[in-house]
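*Asks:* Here are the chains, one letter per residue:
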Amino acid sequence: MKLHELTIAQASGLLKNKEITSVELTRAILDRIEAVDGRVGAYLTVDADGAMAQAKAADQRLADGDAAPLTGIPLGIKDLICTQGLRTTCASKILENFIPPYDATVISRLKNAGAVIVGKLNMDEFAMGSTTEHSGFQVTRNPWNLDRIPGGSSGGSAAAVAADMCLGALGSDTGGSIRQPASHCGVVGIKPTYGRVSRFGLVAFASSLDQIGPLGKTVADCAIMLDAIAGHDPRDSTSVPEPVPTFSAIAENGLSDVVVGIPREYSSAHGLDPQVGAAVERAVKTIESLGARCIEVSLPHTDYAVAAYYVIAPSEASSNLARYDGVKYGFRDRTQTDLLQMYRSTRTQGFGPEVQRRIILGTYALSAGYYDAYYGKASQIRTLIKNDFQTAFASCDAIISPVAPTPAYPIGETLDDPLTMYLSDIFTLSANLAGIPGISVPCGFSDDGLPIGLQIMGRHFNESMLFQIARQFERAATLTDKKPLL
Amino acid sequence: MKITKAEVLHVAHLARLDIGDSDVDRLAGQIGTILDYVDTLKQVDTTGVPATSHAITLTNAFREDELQSHLDPEAALANAPEKDDGAFAVPKVI
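If you read the protein sequences in the order shown, they are chains E and A.
Everything in the first sequence is counted per my numbering, starting at 1 for the first residue and increasing by one.
Everything in the second sequence is counted per my numbering, starting at 1 for the first residue and increasing by one.
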């Protein structure tokens, strides 16, 4: 038994039965990182000493019979979630030496559950990108093919899970940043409903769209992690005081009562690779064979989602990133003696090109004379997109689509062509605009062995339906045993 | 071009960024391409459509105005590039 290959559910059982210890498991993960991360580049910070100390404490809890499902489980954290005393960079030079003085709520909850935090994972700087190439520090490679992108922005999280360098990870999703890298790396990732998980301590990109969620090797593992982090938090006034079901109690009674919608607009979407289309069609057949009824639905404003998103997200980002001014934390250009020039020089040196591009785009869209034409218009289109989903969900329980239009593409392909990168978010960012949950679950491989993901979206606060469909599909598709060769 | 070099420089100033001469053309081109694409939004008639700023219906989150624990000043200042006597220090303003 290779300890690093265990799922959370398996490891949790072995820990509880005293067949393994968290110290052994955590050591195995640290060894695995040592062995393969030089080639993958998923971690920005590995906290070996801290992880071993947490593992020892977890073993004590297990011995005391006081264990939760995540007690003793080594997890990785996307590097925009604040961890007290552990460097949190957002993969940006401007936060290169930032040591948070507090834990994000999701981190407090993981620590209360006894999870072991192994380290911090690479991403596109401030989560702006779909490839993880826009990190201020390093490129992360896809474990299935080291010349390909892992997706992004939670590319480090997805690659680390795929390469067995943690048992599960947290990411964040503003326009697809959990689901798309999960799809490219052959793992499961869920963006919960907006407001389901506290954003306190999540470094803000676009506050009305950002949501934290788990990435795991299986659907069940994601449900276990979401159980630990979900729920209202008084410190995030946008977190919703809705009751939280036990997601890991996944309904296993088939899909015979389930109606699944297939959006007619998605089959003709820009740039859809035929292999992805075929894999999704096969997945729909599998889901039908499990008892679900599949119907066609319409999301008529699909074509406008990317344009609306790339007004709204950069606008919110330009406002959120105004706080990086070299005064309270982070990098400062100390050679400047004039305050205004200090701001300008600090920000210009501290932010990478993609972040600067989005700040300028967002500032332009919000500037005098353009606000109504851009931000105002996009916010109205957002209403229409939200209404499209509401109408569709009147006749179905879940909507199925591709996650990304193509399998992972070669590193470097869209570096100088931001619009092409943006267009690849077509299937994922509508869920953020509408605030609904979406999960990515592996549904096949391309001819050259790259993973392809299936997206299932649901009504607000109905993550349980996504887990149910994804779990049944995962069992029928039997793809989880396949591992990248590293 | 959708956005002029002068506009890029003006917006960069508002955003407190220095854009070098060699980057202005490239940025104006890239942002112009994105804005051209964004213009497809104009095809949609949104007369009378309310704007959505949050997808979930939110209500004000009130709480009692009570003293709560907070970061101690030393921890809050720990990441400051420069500090002086319990405050963040910046270059001279006046």
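Incorrect hints may have been included.
Straight-line C-alpha distance at most 27 angstroms; calculated DSS-like pairs for lysine-lysine [to be verified]: (1) E:K328 - A:K2; (2) E:K328 - A:K5; (3) E:K386 - E:K328; (4) A:K2 - E:K93; (5) E:K93 - A:K83; (6) E:K56 - E:K16; (7) E:K2 - E:K18.
Hints were generated in silico from the structure; no laboratory data involved.
*Asks:* Look at each hint and say if it fits the structure.
*Replies:* For each hint, the structure was consulted:
Of the pairs offered as hints, the one joining K328 (chain E) and K2 (chain A) is violated, with about 37 angstroms between alpha carbons and a cut-off of 27 angstroms exceeded. Between K328 (chain E) and K5 (chain A), the direct Cα distance comes to roughly 32 angstroms. Violation of the 27 angstroms bound is thereby established for this hinted pair. For the suggested pair K386 (chain E) and K328 (chain E), the alpha carbons sit about 38 angstroms apart, so the restraint of at most 27 angstroms is broken. For the hint pairing K2 (chain A) with K93 (chain E), the CA-to-CA distance comes to about 31 angstroms; that exceeds 27 angstroms, so the pair is violated.
At roughly 21 angstroms between alpha-carbon atoms, K93 (chain E) and K83 (chain A) fall within 27 angstroms of each other, so this suggested pair holds. Proposed proximity of K56 (chain E) and K16 (chain E) is supported: the alpha carbons are some 14 angstroms apart, at most 27 angstroms. Simply put, K2 (chain E) and K18 (chain E) have alpha-carbon atoms about 16 angstroms apart, close enough for the 27 angstroms limit, and the pair holds.
When the structure is compared with the earlier hints, violations turn up for hints 1, 2, 3 and 4 and for no others.
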